[in-house]
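> Listed below, chain by chain, are the residues.
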Amino acid sequence: MKKNKSTMTRSRDDRKNSPFEDRKRFCPFSQKNSPIIDYKDTKLLSRYVSEKGKITPARISNVSSKKQKELSKAIKRARFLGLMSYTQKIF
Amino acid sequence: MNKFEAVLLFSPDLSNPQISNEEKNFEKNIKKYEGKVISIEDWGLRDISFKINKYKKSFYKFYQLEIKGPNIQDIKKILTQNEKILRYLFVKVQEHQHLPSKMINEEK
Chain H
0 MKKNKSTMTR SRDDRKNSPF EDRKRFCPFS QKNSPIIDYK DTKLLSRYVS
50 EKGKITPARI SNVSSKKQKE LSKAIKRARF LGLMSYTQKI F
Chain L
0 MNKFEAVLLF SPDLSNPQIS NEEKNFEKNI KKYEGKVISI EDWGLRDISF
50 KINKYKKSFY KFYQLEIKGP NIQDIKKILT QNEKILRYLF VKVQEHQHLP
100 SKMINEEK
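From first to last, the protein sequence lines are chains H and L.
Heads up: the first sequence at position 44 corresponds to 43 in numbering that gives the first Met the number 0, and the numbers run straight through without jumps.
Heads up: the second sequence at position 45 corresponds to 44 in numbering that gives the first Met the number 0, and the numbers run straight through without jumps.
Hint data in this document are derived by calculation from the structure and do not stem from the laboratory.
Be aware that a few hints might be false.
What the hints assert, rightly or not - Residues of chain H clear of chain L, computed beta-carbon distances all greater than 12 Å:
id, residue
1, C26
2, F28
3, S33
4, T41
5, S49
6, G52
7, K53
8, I54
9, R58
10, N61
11, S63
12, K68
13, S84
Unchecked claim - Residues on chain H that point at chain L, a partial pick, calculated with CB under 8 Å:
id, residue
14, F25
15, D37
16, K39
17, D40
18, R76
19, L80
20, G81
21, L82
22, M83
23, Y85
A virtual CB, placed ideally from N, CA and C, is assigned to each residue, including glycine.
Based on the sequences and whatever the hints tell you, model everything.
Written out as structure tokens, the structure reads:
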């Protein structure tokens, strides 16, 4: 048991010093001064769309699941109105 | 009574008096179904990012409304029969935003 404990602490220290330590990342929409998600704000929405026009997954953009639902809905509304493209193809 | 936002896309073939005529028609319909138009915003002639009914451009109009939800169904029926309107979108909101909306700020 004692040995186990010591290894645990050591591993924690290792993680602190390692270059691969993952920093705490925050949802860009859940902060105090964060922007409001709106289907009319295409400049904001275009940041969360890939080059091909796909919606970026939440695990990459780090948006919380609640806000990701709002975001995807807003993007789909903007697409329906022709404000954003479904694909990157330019007609 | 609930708060709604509406966006209408008019076909680019229309002349200015025709567009204002269509707008008046829409506002009349809303009054007919016991609604209120609170504010209007004109986004002007914009490029559509894909073709709708073979049109590349369209006149955008943005409305803030106050109306009973079920009555929107009837208004939608009228809008679909109108060929001069390419598309429409109704969205229910908790509170109306302050105008001008972000769409206009971007262009400036």
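> Each hint should be assessed against the structure and marked as holding or not.
Cross-check of the supplied hints:
1. Every CB of chain L lies more than 12 Å from the CB of C26 of chain H, the least distance being 21 Å, so the non-interface label holds.
2. Under the 12 Å C-beta cut-off, the non-interface status given to F28 of chain H relative to chain L holds; the minimum distance is some 15 Å.
3. Under the 12 Å C-beta cut-off, the non-interface status given to S33 of chain H relative to chain L holds; the minimum distance is some 15 Å.
4. Distance to chain L contradicts T41 of chain H as a non-interface residue, since its nearest Cβ pair spans about 7 Å, not more than 12 Å.
5. Every CB of chain L lies more than 12 Å from the CB of S49 of chain H, the least distance being 15 Å, so the non-interface label holds.
6. Under the 12 Å C-beta cut-off, the non-interface status given to G52 of chain H relative to chain L is violated; the minimum distance is some 9 Å.
7. Listed as a non-interface residue, K53 of chain H keeps its Cβ farther than 12 Å from every Cβ of chain L; the least gap is roughly 15 Å.
8. At the 12 Å boundary, the C-beta of I54 of chain H stays outside the reach of chain L, the nearest C-beta of that chain being 15 Å off.
9. Distance to chain L confirms R58 of chain H as a non-interface residue, since its nearest Cβ pair spans about 27 Å, more than 12 Å.
10. A cut-off of 12 Å between C-beta atoms confirms that N61 of chain H is not in contact with chain L; the least separation is 23 Å.
11. Once the 12 Å rule is applied to beta carbons, S63 of chain H is consistent with being away from chain L; the minimum gap is 20 Å.
12. Look at K68 of chain H: its CB is around 15 Å from the nearest CB on chain L, clear of 12 Å, so calling it non-interface holds up.
13. At the 12 Å boundary, the C-beta of S84 of chain H falls inside the reach of chain L, the nearest C-beta of that chain being 4 Å off.
14. At a threshold of 8 Å, the smallest CB-CB gap from F25 of chain H to chain L is about 23 Å, leaving the interface hint violated.
15. Hint on D37 of chain H holds. Least Cβ distance to chain L is approximately 7 Å, under the 8 Å limit.
16. Because the closest C-beta pair between K39 of chain H and chain L is about 5 Å apart, less than 8 Å, the hint holds.
17. Interface hint status for D40 of chain H: upheld, as the beta-carbon distance to the closest one in chain L is roughly 4 Å, under 8 Å.
18. Interface hint at R76 of chain H: satisfied, since its Cβ lies 7 Å from the closest Cβ of chain L, which is below the 8 Å cut-off.
19. Interface hint status for L80 of chain H: upheld, as the beta-carbon distance to the closest one in chain L is roughly 6 Å, under 8 Å.
20. A distance limit of 8 Å between C-beta atoms decides the matter here; for G81 of chain H the minimum to chain L is near 4 Å, and the interface restraint holds.
21. A hinted interface residue such as L82 of chain H counts as satisfied when its beta carbon comes closer than 8 Å to some beta carbon of chain L; here the least separation is about 7 Å, so the hint holds.
22. For M83 of chain H, the suggested interface contact is upheld, since its CB lies about 6 Å from the closest CB of chain L, less than 8 Å.
23. Annotation: Y85 of chain H was flagged as interfacial toward chain L, and the flag holds, the nearest CB pair being 7 Å apart, inside 8 Å.
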